[in-house]
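Chemist: The lines below spell out each chain.
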Amino acid sequence: MFYQKLLYRTMGDRSVIVELGNQISPEINRRVRQFAIALMEDPTEGLVEIIPTYRSLLIIYDPLKISVATLQHRVEDLHRKIEGIQIPEPKTVEIPVVYGGEYGPDLEWVARYHKTSSEQVIQLHAGTTYQVYMIGFTPGHPYIAELPKALITPRRETPRTNVPRGSVAIAMNQTVIYPVESPGGLHILGRTPLKLFNPIQSPPTLLEMGDRVRFFPIKEGEFKQWPRQIPLK
Amino acid sequence: MATADTFEVVAPGPLTSVQDRGRFGYGRYGVAPSGALDSFSFRVANLLVGNSENEACLEITLSGLRLKALTEVAIAVTGADLQAHSNDKPLDMWTSHILERGNILSFRGVKSGCRSYLAIGGGISLPKVMGSKSTNLSSKFGGLDGRPLQKGDILSSTSPHLHLNTERKSFPQAWIPPHAKERHLRVILGPQDDQFTEKGKKTFLGSPYQVSPDSDRTGVRLTGTMIERRPEVSESIISEGVISGTIQVPGDGQPIIILVETVTGGYRKIATVITADLPLLGQVKPGDTVTFKQVSLDDAYEALREMEGRIKGFKEGISTLP
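First to last, the protein sequences are chains A and B. Residues in the first sequence are numbered consecutively from 1, following the working numbering. Residues in the second sequence are numbered consecutively from 1001, following the working numbering.
Don't take every hint at face value.
[As the list claims (entries may be wrong)] Chain A stretches covered by chain B per the calculated footprint, using a threshold of three residues with CB under 8 Å from any CB of chain B:
1) 36 to 50
2) 54 to 63
3) 73 to 87
4) 111 to 124
In short, the hints are calculated from the structure, not lab data. These numbers were taken from a predicted model, which means no experiment stands behind them. By construction, the Cβ of each residue, glycine as well, lies at the ideal position given by its N, Cα and C atoms.
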């Protein structure tokens, strides 16, 4: 599962991608998070930004302050100590979703594809605890996995040019939520009234890498009244 | 420090937005850096009017912006030549000028390049969002409420009168990057060059590509000879972080150079434009031709040091090439 040695992929003269493995798995993703914490806390001069994703980290550096060789040494040093890195306890976020109808235009198609009912698809989608593997694509856009096997579905043949904000969609073994209106090639099962990105909050996103997520169905009539922010506990 | 209104927007042009150096440190939340695409011209514009080099400027795309000066104010225009005029007089670029109250500053249309930078003595007074005044146009935050400039907008600046002594300061002619219609961009191969065929890599490095009309601040879309990937690899990869200048090749084999409005992607990337050539990349426009030349990391660092040397030399008042 893990590569024997870290794989370095040079991306230009000021960044490198460090790959830990070649699959989407909770173990690899956990180690990516540990590695990201170690790198972000490291005081080495010239480290500009770390962007952790499914199975790799993008390290952006200032080449006028640190050489590639020094950077690689530092990365190897930190990687050797990675097992000791404590990850903060993940929070669990419950996401209300209006499934089907105009909010979830692909629900019936997905049910037909799996030769089952819309109710069964909702039960499966809402009956699972997921993990946020990464945030990317647009601000606050979570990549959430893994769908129950009975819901694994190929992408839409033709992507939509405008997926409404808040849409909850699935493809392959993943489910996502669109924080802003954007194009998208996944099947839309429903929509959440929650705001996933707020630029003036810290952190600016509802979900962070490593969080756990559960969806729960709400009625169409509740959508407009539902508070957009989750109250702080 | 006193803030004063400096400009009123009479006409915004097709796309004028507030940009500074960019928004860094929020990539893990999916937040793109945004920022001035031609960072060299942007930094010099600020230095010409006595601002810090990261102060927010206006990034003006192609043409059409008209501003009315609301007070006496120092300005400088750098980057693409969009035929800047003060009232009806052409304005020298890469030079600071003092506009009088009531002057009309206009940009009459592109002669070369794509984006001009207007620095205002005292900057643009706006709150920073996540450490930056840059406008994120797709997620609609930063700058002026996350949108391009509109007719009637008022820009204000911090103590603009303190910058009036910068008049007729100019950047050495020999240090200004030229804007040709055919652009040679230097690249480092990778991160996934191993997943293209030898023929694919030769095509990429040996063929001219045309800049397509649906290019924007997210990416420069190119059309030309298809770049072949290895038959055993799939069209996409597991999504990972991206950086401006990296060149992704989707299934149709037509390259897209990523700019500053995206942080992750799931396509293979054959090569990445070197940092010293990003300012040139920010000046390509639809219809231009782009070619790629492979260089080593050492070449890239030498080019970067040379570019930084010009900025440093200018700051220190040196007027010959470092």
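Chemist: Take the hints in turn and mark each one as holding or not.
Modeler: Evaluated hints:
With a threshold of 8 Å between beta carbons, the proposed coverage of the segment 36 to 50 of chain A by chain B holds, since 4 of its residues qualify and at least three are required. Figure legend: the segment 54 to 63 of chain A, annotated as covered by chain B; annotation consistent (7 residues with Cβ-Cβ distances under 8 Å, at least 3 required). For the segment 73 to 87 of chain A, the stated coverage by chain B is not satisfied: 0 residues place a CB nearer than 8 Å to a CB of that chain, which falls below the threshold of 3. Counting residues of the segment 111 to 124 of chain A whose CB lies closer than 8 Å to any CB of chain B gives 0, which falls below the minimum of 3, so the coverage claim is violated.
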